[in-house]
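Just need the whole structure built from these sequences, with the hints factored in.
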Amino acid sequence: MSTGFDVVVVGAGPGGMAAATVAAEAGRRVCVLDDNAAPGGQIWRGFRAETARKYPHGRGFLDWTARFERAGCAIWAGWRAIDQPAPGFLRLERDGEKCDVGFGRLILATGARERFLPFPGWTLPGVMGAGGLQALVKGGLDPKGKRVALAGSGPLLLAVAAGLQSAGARIVGIYEQAPLVRLAGFGLTLLGQPGKLAEGARYRLKTRHAAYKTGCWVVQAEGRGRVEQVTVTDGRKQWKLDCDWLACGFHLVPNLELPRLLGCRIVRGYVAVDRLQQSSMAGVACVGELTGIGGLEKALVEGQIAGWAAAGREAEARALTPKRQRLQRFALRMDRAFALRPELRTLARAETVVCRCEDVAQSALEGCAGWREARLHTRCGMGACQGRVCGAAAEFLFGWESSGARPPVFPATVSTLAAEADAPQTARR
Amino acid sequence: MSEGFSITVNGKLVRVAEGTSVAAAVMMANEPCRFSVRGEARGPLCGMGVCMECRVTVNGVAHQRSCQLICAPEMAVVTG
Chain A
1 MSTGFDVVVV
11 GAGPGGMAAA
21 TVAAEAGRRV
31 CVLDDNAAPG
41 GQIWRGFRAE
51 TARKYPHGRG
61 FLDWTARFER
71 AGCAIWAGWR
81 AIDQPAPGFL
91 RLERDGEKCD
101 VGFGRLILAT
111 GARERFLPFP
121 GWTLPGVMGA
131 GGLQALVKGG
141 LDPKGKRVAL
151 AGSGPLLLAV
161 AAGLQSAGAR
171 IVGIYEQAPL
181 VRLAGFGLTL
191 LGQPGKLAEG
201 ARYRLKTRHA
211 AYKTGCWVVQ
221 AEGRGRVEQV
231 TVTDGRKQWK
241 LDCDWLACGF
251 HLVPNLELPR
261 LLGCRIVRGY
271 VAVDRLQQSS
281 MAGVACVGEL
291 TGIGGLEKAL
301 VEGQIAGWAA
311 AGREAEARAL
321 TPKRQRLQRF
331 ALRMDRAFAL
341 RPELRTLARA
351 ETVVCRCEDV
361 AQSALEGCAG
371 WREARLHTRC
381 GMGACQGRVC
391 GAAAEFLFGW
401 ESSGARPPVF
411 PATVSTLAAE
421 ADAPQTARR
Chain B
1001 MSEGFSITVN
1011 GKLVRVAEGT
1021 SVAAAVMMAN
1031 EPCRFSVRGE
1041 ARGPLCGMGV
1051 CMECRVTVNG
1061 VAHQRSCQLI
1071 CAPEMAVVTG
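Residue numbers (my numbering), protein chains in the order written: chain A, 1 to 429; chain B, 1001 to 1080.
Calculated from the structure, these hints are not laboratory results. Take these hints with a grain of salt, some might be off.
Claimed, not checked - Below, a list of computed lysine-lysine pairs in the BS3-like style, where the Cα atoms sit at most 25 Å apart: (1) B:Lys1012 to A:Lys146; (2) A:Lys144 to B:Lys1012; (3) A:Lys146 to A:Lys206; (4) A:Lys54 to A:Lys196; (5) A:Lys144 to A:Lys206; (6) A:Lys196 to A:Lys206.
What the hints assert, rightly or not - Far from chain A by the CB rule (all over 10 Å, computed), these chain B residues: (7) Glu1003; (8) Ser1006; (9) Leu1013; (10) Ala1024; (11) Gly1060; (12) Gln1068; (13) Met1075.
To be verified - Using C-beta positions, here's what the derived DEER-type ranges look like: (14) B:Leu1013 to A:Gly225: 17 to 25 Å; (15) B:Asn1059 to A:Arg406: 28 to 36 Å; (16) A:Pro179 to B:Glu1040: 31 to 39 Å; (17) B:Pro1073 to A:Arg53: 43 to 51 Å; (18) B:Val1078 to A:Arg224: 21 to 29 Å; (19) A:Arg48 to B:Asn1059: 20 to 28 Å; (20) A:Ala331 to B:Thr1057: 37 to 45 Å; (21) A:Pro322 to B:Phe1005: 48 to 56 Å; (22) B:Asn1059 to A:Glu373: 36 to 44 Å; (23) A:Ser415 to B:Asn1059: 42 to 50 Å; (24) A:Asp63 to B:Asn1059: 34 to 42 Å; (25) A:Ser415 to B:Pro1073: 35 to 43 Å; (26) A:Pro194 to B:Thr1057: 47 to 55 Å; (27) B:Asn1059 to A:Gly185: 25 to 33 Å.
Note that beta-carbon positions come from the ideal geometry of N, C-alpha and C, so glycine has one too.
Here it is in structure tokens:
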């Protein structure tokens, strides 16, 4: 009955691909599943072998894709993990179809999403995440001639601006909320990693005709039916900019729903793992952004460690420990550099929607004691995104900690839910 | 690369290249993806299957996350 795998990897971004490749090369039977149509995660989304060389990170994409394909893992694209019906099994869904997959070891590489913060006008069409707009452009949206303002926080802003500029967009300004002094200090810590500094310099060179202002943030977006103008501030004065799109994200937060559901211990917003990437739950490893927002290189190293560990090859895994420790420190420094300023808590007005799924306004949340009360009394976080957007916002705005995850961790069809009580059935793909 | 094909978004013909996401096609058609419970127009936000703002009806199937769905020839997308 059981056609499970030695190792199941959830998430086919760089971390998941590295983990799956290494474990498969070491002889394990590996399945990688991802809710997207193709492997690559966000950073390698839409890359093609013929054109990858033109892009930043294209070389790594080509090398890892070739190794990943040779390794011969089962690749289940379009499947979402929604529940753990029994220990050692994940329940998956794709297009209303359900299936259970059994595993000996589980490696979670579910990545991160952007943190969005509410401000007046943030729900207008044309206001997107920075990574969000980048993903849409990689998905075929043509930015040629579009006037784009970028705001929020994190290294992604500059990278996205450079990509948009290359694709023909007109960047009207890049507004990073972190103060210059903090970013300069962060830059100094990168002197030992000239590659990262050079990458930042290349992006800035590409976007040199647009203003890159630190210590500035968006306070409002306006427009008839879609964004047409944004108001920006440096904390003293305000000014307006015309734009077609506003790309605004406040750094990244890990996708913790699945590790939470499985019971992995979370410490200060990330999954707690040991040097072999093992979480507090036996047999469950977590890699990449789940253990600290550190980007591509960290995901690849941690993925390889988890892959080796899943194959019982501890020595090879431990050989990567020094690299891992360096990248973990980098992630911590980045969190500090791009920490959010308190003024951002005051952007939403009484009528500003905080929960976009249920249209819950800021004023409805102000009297609530915590996340649970907000859910029960206002339906905040009870909609289709299950609090993925407003939960991260509420954590910053009100200091509410999101409680544990409950199945299904993604919206599922009634027929899948009706089968929830069934014993796991490992179906053929 | 092929020259692409057409799909419809609320009846409008939209020409897309192979590999284009449905969310990108809806934006190119200049249509909102959905209306919120209070009736506000909404478009894609996260672009990566997390926020659910880009849900549309595709070939009669409701609640499809358009950012994670790739256009196919003759696809009929209805928003709102």
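So, going through the hints one by one against the coordinates:
no. : hint                              : verdict
1   : B:Lys1012 to A:Lys146             : holds (22 Å)
2   : A:Lys144 to B:Lys1012             : holds (21 Å)
3   : A:Lys146 to A:Lys206              : holds (17 Å)
4   : A:Lys54 to A:Lys196               : holds (18 Å)
5   : A:Lys144 to A:Lys206              : holds (16 Å)
6   : A:Lys196 to A:Lys206              : holds (16 Å)
7   : Glu1003                           : holds (14 Å)
8   : Ser1006                           : holds (14 Å)
9   : Leu1013                           : holds (16 Å)
10  : Ala1024                           : violated (4 Å)
11  : Gly1060                           : holds (13 Å)
12  : Gln1068                           : violated (6 Å)
13  : Met1075                           : holds (13 Å)
14  : B:Leu1013 to A:Gly225: 17 to 25 Å : holds (22 Å)
15  : B:Asn1059 to A:Arg406: 28 to 36 Å : holds (31 Å)
16  : A:Pro179 to B:Glu1040: 31 to 39 Å : holds (34 Å)
17  : B:Pro1073 to A:Arg53: 43 to 51 Å  : violated (30 Å)
18  : B:Val1078 to A:Arg224: 21 to 29 Å : holds (23 Å)
19  : A:Arg48 to B:Asn1059: 20 to 28 Å  : holds (27 Å)
20  : A:Ala331 to B:Thr1057: 37 to 45 Å : holds (40 Å)
21  : A:Pro322 to B:Phe1005: 48 to 56 Å : holds (51 Å)
22  : B:Asn1059 to A:Glu373: 36 to 44 Å : holds (41 Å)
23  : A:Ser415 to B:Asn1059: 42 to 50 Å : violated (19 Å)
24  : A:Asp63 to B:Asn1059: 34 to 42 Å  : holds (38 Å)
25  : A:Ser415 to B:Pro1073: 35 to 43 Å : violated (28 Å)
26  : A:Pro194 to B:Thr1057: 47 to 55 Å : holds (50 Å)
27  : B:Asn1059 to A:Gly185: 25 to 33 Å : violated (53 Å)
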